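Protein chains in written order, with my numbering: chain L, -18 to 293; chain H, -11 to 146.
Each hint can be trusted.
Here are the computed lysine to any residue pairs in the SDA-like style, where the Cα-Cα straight-line distance is at most 20 Å:
#1 L:Lys100 to H:Arg106
#2 H:Lys60 to L:Glu81
#3 H:Lys60 to L:Met80
Rough simulated footprint, nothing fancy, chain L against chain H, three-plus residues with beta-carbon under 8 Å:
#4 49 to 58
#5 117 to 130
If you are wondering where the hints come from, they were derived from the structure by calculation, not from laboratory data.
Every value quoted in this text rests on a predicted model; they were computed, and no experiment measured them.
Every residue, glycine too, gets a C-beta built ideally from N, C-alpha and C.
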Amino acid sequence: MTVENDVTLHLWLHKNIEREGEMGEMRYEAPSTLKAAVALLAESKGPARVLAGGTDLLIQMRSKRIEPELLVDIKNIAEMRAIAAEGGRFRFGAAVSGMELLEHEAFANAWPGVIDGVKLIGSVQVRGRATVGGNLCNASPAADSVPPLIAAGAVVNIVGPSGRRESRVEDFVTGPGKTTLAKGEIVVSFLLPERPAHSGDAYLRFIPRTEMDIAVVGAGVNLTLDGKGVCTVARVCLGAVAERALLVPEAAAALIGTKVDAGALKRLAAAASAACRPIDDKRGTKEFRIKVAGVMARRAAEIALARAQGKR
Amino acid sequence: MAKHHVTATVNGDAVEFLCDTQQSLLDVLREELGLTGTKEGCSTGDCGACTVTIDGRPTCSCLVLGVEAEGKSIQTIEGMAHGDKLHPLQQKFLEHAALQCGFCTPGILMSARALLERNPDPTEEEVRLWLAGNLCRCTGFHKIVDAVLDAAGEMRRG
Chain L
-18 MTVENDVTLH LWLHKNIERE GEMGEMRYEA PSTLKAAVAL LAESKGPARV LAGGTDLLIQ
42 MRSKRIEPEL LVDIKNIAEM RAIAAEGGRF RFGAAVSGME LLEHEAFANA WPGVIDGVKL
102 IGSVQVRGRA TVGGNLCNAS PAADSVPPLI AAGAVVNIVG PSGRRESRVE DFVTGPGKTT
162 LAKGEIVVSF LLPERPAHSG DAYLRFIPRT EMDIAVVGAG VNLTLDGKGV CTVARVCLGA
222 VAERALLVPE AAAALIGTKV DAGALKRLAA AASAACRPID DKRGTKEFRI KVAGVMARRA
282 AEIALARAQG KR
Chain H
-11 MAKHHVTATV NGDAVEFLCD TQQSLLDVLR EELGLTGTKE GCSTGDCGAC TVTIDGRPTC
49 SCLVLGVEAE GKSIQTIEGM AHGDKLHPLQ QKFLEHAALQ CGFCTPGILM SARALLERNP
109 DPTEEEVRLW LAGNLCRCTG FHKIVDAVLD AAGEMRRG
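With these hints in hand, go ahead and build the complete structure from the sequences.
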């Protein structure tokens, strides 16, 4: 699979619409417990897919890129639809729609950078269905919610036939369309860590228009300042410049110990550009992506800084 | 394989229908329920012609399975006017000539109504961003945006 699977990539003018109708029999189940969902997926003989928002899955089915025999709709599972504060941490279910997350004021105030990313996924109509869990599992290198989640230090909770496990988001996707999920495993929820005072995050992407497009480059930055305004913790993650979203510790190191001044931002941009290993495609050349990654990282860091300072 | 038996509410009326797993809600609305006001454009969630609301949220009905409608409340363009009385958005679309071929219009009206329910006084930019998922290849969008803003004003005045 390639990034072309991403729903928003299906640009309206380049369509070959294949009609359904010749597909084989397909089972649909909508269990209300995780246990039942895992059992269905684990026991399925043929190809099976989890159905959350469906905004990628239904398109892939219609174009016959995948032909599942079983769909397991996980939207009736309460745990997967919840958004909850756990102490100072936030957990949200993998089947929470983008709009539900955007409308959650406490979450949006705590993690504006994650919200920046979710807001860029598709249209209002797509965000009304599309989920962060699906955005991650679709494993497009250009997924807009993934870099800010990685920058946030989010952990994904997974359940499968052998029980629960956790994975850092940056370790979950292994390549375009590929994840560490084993047969029968489901992404259940995302856990975002406690937020120290004077923290801010931001995500920016470059696209040649203003809406409804796929990131040519994306950059997520999350940082924490001490009482004197010195950056003590930072995480920087780039999207669409490698086979998966890249955590770039060298770029974060450029910020740590500084007041995120012009010199630090310049070093951040250089480190971000140096980490890129992009492809050439119709949306951007390698050279362009490498340069723009530095620019996007710098601008995202400036917004994260302003948010950490309580300025925006 | 047996078809799914689905019970839902469409434009306030209880409905039941049978569908195959792969049948989209769009196909169900048009082919099983005879509600052909909702249009099929791209079938990939990019053009918004098939926009309906599901439990109040604008959604591309091409990207929803009919079977997922179980227990849901769906609104389509057929439920917008009250008898002969047009919704203010519909009236303003006529007054501003905000449609030419009209194919995108049902979807745009459904999206715009959902916007005004959430934000009765949107800015021009907010209208344009909200409608980014609805493509119109005739009007160039200006008249659509003007009509939505004008309707919003009229609805605020009651």
